[in-house]
Amino acid sequence: GNRLLEIKDHHADTTDTADTALCLKLHEGAAFVSSALGESALVSMYTHEIIDNVKLEDSLVAEYLLIGSLSVSGRFKEAVERGLAVLRALKFEIPATPTPAVVMKMMKRTEREASMYNFSQISNHHRR
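Take 1 as the starting number for the sequence shown in the numbering used here and just add one per residue.
Any given hint could be a false lead.
To be verified - Think about it this way: if two alpha-carbon atoms lie no more than 30 Å apart in a straight line, the pair counts; the simulated DSS-like pairs of lysine-lysine are:
| # | residue 1 | residue 2 |
| --- | --- | --- |
| 1 | K77 | K25 |
| 2 | K25 | K55 |
| 3 | K55 | K105 |
| 4 | K55 | K77 |
Stated by the list, open to error - Computed Cβ-Cβ distance ranges for the label pairs, DEER-style:
| # | residue 1 | residue 2 | range |
| --- | --- | --- | --- |
| 5 | G68 | K91 | 35 to 45 Å |
| 6 | L26 | T99 | 25 to 35 Å |
| 7 | P98 | D19 | 12 to 22 Å |
| 8 | K108 | K55 | 21 to 31 Å |
| 9 | T99 | G38 | 25 to 35 Å |
| 10 | A89 | E111 | 11 to 21 Å |
| 11 | L56 | V102 | 33 to 43 Å |
| 12 | A101 | D19 | 16 to 26 Å |
| 13 | V102 | G29 | 11 to 21 Å |
Don't read these hints as lab results, they were simulated from the structure.
Note that beta-carbon positions come from the ideal geometry of N, C-alpha and C, so glycine has one too.
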């Protein structure tokens with residue numbers, strides 16, 4: 001079954017989210033390991049379980065892993081579209097039909113800003 005969904009439902013009426021946080025970290029870890037092993041189907045499965053069951057700000061690691069997996073799998077259009085959708089959901093102003101130059105500029109800016117942090121700092125930044 002979908003353990004993340006079960007835990008989320010179990011804690012729907014409580015403020016104790018330790019189980020949910022642990023389950024989220026375990027799913028993120030499974031997705032990360034699957035990514036490292038090149039198992040794109042497993043990356044998709046684990047990341048979608050996260051994305052479908054938690055708030056956007058709690059799914060950013062999963063989004064990052066899914067977008068990377070799409071890109072490595074040669075599904076560049078899907079990767080760019082998903083990345084743009086996430087940025088828009090995070091309130092970045094992006095034209096509806098960005099030119100390749102706009103996309104490249106934003107990717108370089110994001111890469112430059114992200115390179116100032118390690119993976120752990122990025123994944124924990126939104127939880128502060």
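message: Does the beta carbon distance between T99 and G38 stay inside 25 to 35 Å, or does it fall outside?
response: For G38 against T99, whose Cβ atoms are near 32 Å apart, the range 25 to 35 Å holds.
- request: For the range 33 to 43 Å, tell me whether the beta carbons of L56 and V102 fit it or not.
  value: violated (22 Å)
field: Whether the CB-CB distance between A89 and E111 falls inside 11 to 21 Å
entry: holds (20 Å)
Straight-line alpha-carbon gap K77 to K25, limit 30 Å: Distance ~28 Å between K77 and K25 Cα, so the pair holds.
- request: Indicate whether the distance between the beta carbons of L26 and T99 respects the range 25 to 35 Å.
  value: violated (40 Å)
query: Between K55 and K77, is the straight-line Cα distance small enough, at 30 Å or below?
result: It holds: about 24 Å lies between the C-alpha atoms, which stays within 30 Å.
message: Given the hinted pair K55 and K105, is their Cα-Cα distance within 30 Å?
response: Within the cut-off at roughly 28 Å; holds.
message: I want to verify a distance hint. Is the separation of the beta carbons of A101 and D19 within 16 to 26 Å?
response: violated (46 Å)
query: Holds or violated: 21 to 31 Å for the Cβ distance of K108 and K55?
result: holds (28 Å)
task: Hint says 12 to 22 Å; check whether the CB-CB distance for P98 and D19 agrees.
output: violated (40 Å)
field: Restraint status (C-alpha distance of K25 to K55 at most 30 Å)
entry: This hinted pair holds, its Cα atoms lying about 14 Å apart.
message: The hint says 11 to 21 Å between V102 and G29; measuring C-beta to C-beta, is that right?
response: violated (34 Å)
When the structure is compared with the earlier hints, violations turn up for hints 5, 6, 7, 11, 12 and 13 and for no others.
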